[in-house]
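Asks: The primary structure of each chain is shown beneath.
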Amino acid sequence: MPRYSRRKRQTPKEETSTDKLGKSLQTNIAQFKQTLGDSTDIVIRNFKAGQTGSMDIAVLYTSGLVNEAIVHDFVLDTLMVQIRQTPLDTIEKQDYQIIKDFAMTGGNITDIDTMGKLFDHVLSGDTVVMLDGSIQAMAIDTRDWESRGVEEPSTQSVVRGPKEGFTETLRTNTALMRRRIKDENLWIRTKPIGKKSKTDVAVVYLNGVADEKVVKEVYHRLDKINIDAILDSGYVEELIQDETYTPFPTVYNSERPDTIAAGILEGKIAIIVDGSPFVLLVPALFVNFFQAAEDYFQRADFSTLIRMVRYLAFFLAMLTPSVYIALTTYHQEMIPTSLLVSLSAQREGVPFPAFVEALLMEITFEILREAGVRLPKAVGSAISIVGALVLGQAAVEAGIVSSAMVIVVSLTAISSFVSPSFSFAISIRMLRFGFMILAATLGLFGILLGLIILTLHLSSLRSFGVPYLSPMAPFIVADQKDAILRFPRWKLTTRPRLISQQKITRENGEAPKPPKRSRRKKRKKQE
Amino acid sequence: MGTEKINGLQFFIMILLFELGSAVVLGFTYEAGGSSWIVILLSMLAGIVLYLLFTYLAGYHPDLTLTEAVCKITGPFIGRLIALVYISYFFYIAARVLGDFSNLIQMTILRLTPLIVVAGVFTLMVVVASCLGIEVIARTAETFFPWVIFFSTLFLLFVYIDGLPDFRNLQPILDKGWEPILTTVFPQGMTFPFGELIVFMMFFPYLAVPDKKTSIGIAGIIISGVMLTVTQVTILAVHGAEAAKLLTIPLLETISLVNIQDIIQRMDPLIIITMIILGFFKIALFFHAAIIGLHETLHIPRSKRIWLVSGAGIVLMAVTYMISHDYVKHVKIGLDIVPLYVHVPLQIILPVLLIGVAFIRNKVLKTSK
Numbered sequence: 001m002p003r004y005s006r007r008k009r010q011t012p013k014e015e016t017s018t019d020k021l022g023k024s025l026q027t028n029i030a031q032f033k034q035t036l037g038d039s040t041d042i043v044i045r046n047f048k049a050g051q052t053g054s055m056d057i058a059v060l061y062t063s064g065l066v067n068e069a070i071v072h073d074f075v076l077d078t079l080m081v082q083i084r085q086t087p088l089d090t091i092e093k094q095d096y097q098i099i100k101d102f103a104m105t106g107g108n109i110t111d112i113d114t115m116g117k118l119f120d121h122v123l124s125g126d127t128v129v130m131l132d133g134s135i136q137a138m139a140i141d142t143r144d145w146e147s148r149g150v151e152e153p154s155t156q157s158v159v160r161g162p163k164e165g166f167t168e169t170l171r172t173n174t175a176l177m178r179r180r181i182k183d184e185n186l187w188i189r190t191k192p193i194g195k196k197s198k199t200d201v202a203v204v205y206l207n208g209v210a211d212e213k214v215v216k217e218v219y220h221r222l223d224k225i226n227i228d229a230i231l232d233s234g235y236v237e238e239l240i241q242d243e244t245y246t247p248f249p250t251v252y253n254s255e256r257p258d259t260i261a262a263g264i265l266e267g268k269i270a271i272i273v274d275g276s277p278f279v280l281l282v283p284a285l286f287v288n289f290f291q292a293a294e295d296y297f298q299r300a301d302f303s304t305l306i307r308m309v310r311y312l313a314f315f316l317a318m319l320t321p322s323v324y325i326a327l328t329t330y331h332q333e334m335i336p337t338s339l340l341v342s343l344s345a346q347r348e349g350v351p352f353p354a355f356v357e358a359l360l361m362e363i364t365f366e367i368l369r370e371a372g373v374r375l376p377k378a379v380g381s382a383i384s385i386v387g388a389l390v391l392g393q394a395a396v397e398a399g400i401v402s403s404a405m406v407i408v409v410s411l412t413a414i415s416s417f418v419s420p421s422f423s424f425a426i427s428i429r430m431l432r433f434g435f436m437i438l439a440a441t442l443g444l445f446g447i448l449l450g451l452i453i454l455t456l457h458l459s460s461l462r463s464f465g466v467p468y469l470s471p472m473a474p475f476i477v478a479d480q481k482d483a484i485l486r487f488p489r490w491k492l493t494t495r496p497r498l499i500s501q502q503k504i505t506r507e508n509g510e511a512p513k514p515p516k517r518s519r520r521k522k523r524k525k526q527e
Numbered sequence: 001m002g003t004e005k006i007n008g009l010q011f012f013i014m015i016l017l018f019e020l021g022s023a024v025v026l027g028f029t030y031e032a033g034g035s036s037w038i039v040i041l042l043s044m045l046a047g048i049v050l051y052l053l054f055t056y057l058a059g060y061h062p063d064l065t066l067t068e069a070v071c072k073i074t075g076p077f078i079g080r081l082i083a084l085v086y087i088s089y090f091f092y093i094a095a096r097v098l099g100d101f102s103n104l105i106q107m108t109i110l111r112l113t114p115l116i117v118v119a120g121v122f123t124l125m126v127v128v129a130s131c132l133g134i135e136v137i138a139r140t141a142e143t144f145f146p147w148v149i150f151f152s153t154l155f156l157l158f159v160y161i162d163g164l165p166d167f168r169n170l171q172p173i174l175d176k177g178w179e180p181i182l183t184t185v186f187p188q189g190m191t192f193p194f195g196e197l198i199v200f201m202m203f204f205p206y207l208a209v210p211d212k213k214t215s216i217g218i219a220g221i222i223i224s225g226v227m228l229t230v231t232q233v234t235i236l237a238v239h240g241a242e243a244a245k246l247l248t249i250p251l252l253e254t255i256s257l258v259n260i261q262d263i264i265q266r267m268d269p270l271i272i273i274t275m276i277i278l279g280f281f282k283i284a285l286f287f288h289a290a291i292i293g294l295h296e297t298l299h300i301p302r303s304k305r306i307w308l309v310s311g312a313g314i315v316l317m318a319v320t321y322m323i324s325h326d327y328v329k330h331v332k333i334g335l336d337i338v339p340l341y342v343h344v345p346l347q348i349i350l351p352v353l354l355i356g357v358a359f360i361r362n363k364v365l366k367t368s369k
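From first to last, the protein sequence lines are chains A and B.
Under the numbering used here, read the first sequence as residues 1 to 527, first letter to last.
Under the numbering used here, read the second sequence as residues 1 to 369, first letter to last.
In case anyone wonders, no lab produced these hints; they're calculated from the structure.
What you are looking at is a predicted structure, and each value in this text was computed from that prediction instead of being measured.
Accuracy of the hints is not assured; some may be wrong.
Stated by the list, open to error - Computed footprint of chain A on chain B; a stretch qualifies when at least three of its residues, placed anywhere within it, have a C-beta under 8 angstroms from a C-beta of chain A:
{"#": "1", "stretch": "6-14"}
{"#": "2", "stretch": "104-114"}
{"#": "3", "stretch": "120-131"}
{"#": "4", "stretch": "142-153"}
{"#": "5", "stretch": "262-272"}
{"#": "6", "stretch": "276-284"}
As the list claims (entries may be wrong) - Pairwise CB distance ranges (calculated):
{"#": "7", "chain 1": "B", "residue 1": "307", "chain 2": "A", "residue 2": "181", "range": "49 to 55 angstroms"}
{"#": "8", "chain 1": "A", "residue 1": "392", "chain 2": "B", "residue 2": "301", "range": "55 to 61 angstroms"}
{"#": "9", "chain 1": "A", "residue 1": "309", "chain 2": "B", "residue 2": "261", "range": "24 to 30 angstroms"}
{"#": "10", "chain 1": "A", "residue 1": "227", "chain 2": "B", "residue 2": "266", "range": "40 to 46 angstroms"}
{"#": "11", "chain 1": "A", "residue 1": "392", "chain 2": "B", "residue 2": "328", "range": "49 to 55 angstroms"}
All C-beta atoms in this analysis are idealised placements derived from N, C-alpha and C, irrespective of residue type, glycine included.
All chains should be modelled from the sequences, with the hints used to inform the complete structure.
Replies: This is the structure we're talking about:
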């Protein structure tokens, strides 16, 4: 990736992070307060502990990010009440170790020795206990904040299948993964990314199944990220994708734990970003964007049929307006006579050429759609009424567009919603306009020009080293089982060959067989 | 250019699409009348012999392209000269094919568009393809292949369901004897399209399975030969030998006759789409071969490739316009002059000479050791 290597990493000046903690508790607290500008959400509880009360202790935490009950019951209560009788000050200098080993009941305790780490821990929801005279402090994991519960995902909904969706909390999301794959080889590694936001980003994969090279590449690209803040997985996606200048997404994203788990089981790598319910999955191939979670929960034959409908819808959404333009403007001889007569009768009063007519309607539709997405829900129904009127009857009656064009635009609009992945539907929307322009200038030849260049572009794309169009080009026979077709589950015995380079075979059951006839006969005889 | 690789299937598909290229659209020569389909079968056999010749020549330097191998065989000076001859040959044929297709498209679907625009659009596709490299061209071929097969099958299906072919048109077989057949096999049928496979000598080093190039190539030639024969027989049976000779685009005239119950009619787009796809691959392969050759002979760094390709694209467009704005003249030259005076020396005589030189060189080297 020469693009990445050219950009030199800048090392920002970090003032506080490397400063060691001092021995004096009061100095430390003063510095802490000053750096944070006396922020009001920081709680600093300073008190005396031990038998004689000569032990100076401070407890620091961020209000709202911790579970106050835990802090009270297990930290403050322990330090202030339960160890009151312990003669702390007699065993000098080992107080820290004793408190850590014998008193603190928290599950996850980390030692801190610098100011930087102190800030990190306090600001991410840990409770920090500092002792006077100790150059170390301990951070107890008490993170717990208000968050959205596990709800049904708003995108990619299914009729049949699990209805859980990822949430904004990283730990909940990793738990959802762990609950689905209880294998010791499911590795979850986390690292903070973002100079200011310090967002936790977790890389999840099945060790021994995922391609080592791709795993390394993912880590490499994540390490290269040099950014202030990460507010959504979209940031990460944009920074790690193979190719920026392409309308097609080369990173898959989903709100559904089952989809991501299925991907991980195939040997793909999931990237979970704290604060985003959309989990990324790489490598992502062209065919992945046509596979919905439900394909695997319904019957195989039905799923295959539905997938073919999706591909058909893909072409319809991309090409219907342009083919209409090309046929009516350039190749009238290709339209059957009776249809041609009715089309030209409709177009008689329309003042615009087909291209302008189509462009007008498509843009109107895009505006309506965008408005519908951003509007408050209460106003949403107004949009559909206006849309129906503008795009439908009224436009035709006013003689601005022909009714055939309304059909074309509606068909296009409906088809563009069929794609199970929203990010892919966007690319179709963009390409549609390009094809319309080509059709208006060169007719059918223009459309083919577009298609050939599009295919060339798709063939040149790669997602983390895997050709984007595989398993179609390069053609891999074994992977056809789950590309356009969906074979019965007991036949899906291999992982995609280019994605998981190792451990291709999957554990899988045998084909279900009806009981043998002879046995039935025997049973009858016995009866 | 190192890491680019094409697998066996892709190589096969490229040969198939290349062979079907102009032949299936322009139609094979109809000089031999009702028996002209025999010409294709005989040309195919001759084509296999030629292909064996090419692979034998490539066998001397299996990991080098034709232009590099020539330098190794005859020494750098003469070698480079011959390499340049081949590069211009590929370039010229690319321009010829581009001329054919641009004229066809102008005649069929874009009657009012200037020829230079059509040629320019084709060139744009070819330039993009060539910039992206042989691997991407191969994958694109793989993507389009099912469609080409699908459309050809539909074509045959519709024509036969409609009951258009009348096989009495093919009789009597060999009505004019063997002579017209043999004179069309050589030089015309043999060199176009089968002898043109010499362009694949530029792509041999990219093949991931180098020892299978002979078998894959021959399979491609035979299957494309059979497909061409079937098409030719169909067209002859529909129109009759005398009428077929007069048609500009026999395939298109055939499909436009189809009308099944007033539902399946006006299927011309099928053929036009196939025509554009096939034409694109044929031009792209010739053009890319010339680009690879230029690259290696002139030692142009890879970073400047886009300038080389774009420049060559503009020249291609100009050359095309120069040689083919007069379509009748263009076809006349293509059928009467090019096969005998361009194809034969470069596809047959020069390779044979090169094999001779390489053979003697090897002998001398061995004895001197």
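Asks: Each hint should be assessed against the structure and marked as holding or not.
Replies: We went through each hint and held it up to the structure:
1. By the rule of at least three residues with a Cβ nearer than 8 angstroms to a Cβ of chain A, the coverage given for the stretch 6-14 of chain B holds, with 3 such residues.
2. Against chain A, the stretch 104-114 of chain B contributes 4 residues with a C-beta closer than 8 angstroms to a partner C-beta. That satisfies the three-residue criterion, and the hint holds.
3. Three residues within the 8 angstroms Cβ limit are the bar, and the stretch 120-131 of chain B against chain A gives 5, so the coverage statement holds.
4. Judged by the Cβ-Cβ criterion of 8 angstroms, the stretch 142-153 of chain B is covered by chain A as claimed, because 3 of its residues qualify and three suffice.
5. Remark: the stretch 262-272 of chain B is confirmed as covered by chain A, as 6 of its residues place a Cβ nearer than 8 angstroms to a Cβ of that chain, reaching the required three.
6. Evaluation of the coverage hint for the stretch 276-284 of chain B: fulfilled, as 3 residues show C-beta separations to chain A shorter than 8 angstroms, against a requirement of three.
7. Residue 307(B) and residue 181(A) have their C-beta atoms about 51 angstroms apart, which keeps the hinted 49 to 55 angstroms range intact.
8. Distance hint check for residue 392(A) and residue 301(B): the Cβ-Cβ separation is about 59 angstroms, which falls inside the suggested range of 55 to 61 angstroms.
9. For residue 309(A) and residue 261(B), the Cβ-Cβ distance of about 27 angstroms falls inside the hinted range of 24 to 30 angstroms, so the restraint holds.
10. In this structure, residue 227(A) and residue 266(B) break the distance hint of 40 to 46 angstroms, their C-beta atoms being roughly 56 angstroms apart.
11. Against the hinted window of 49 to 55 angstroms, the Cβ-Cβ separation of residue 392(A) and residue 328(B) comes to about 53 angstroms, which satisfies the hint.
Of the numbered hints listed earlier, the single one contradicted by the structure is hint 10.
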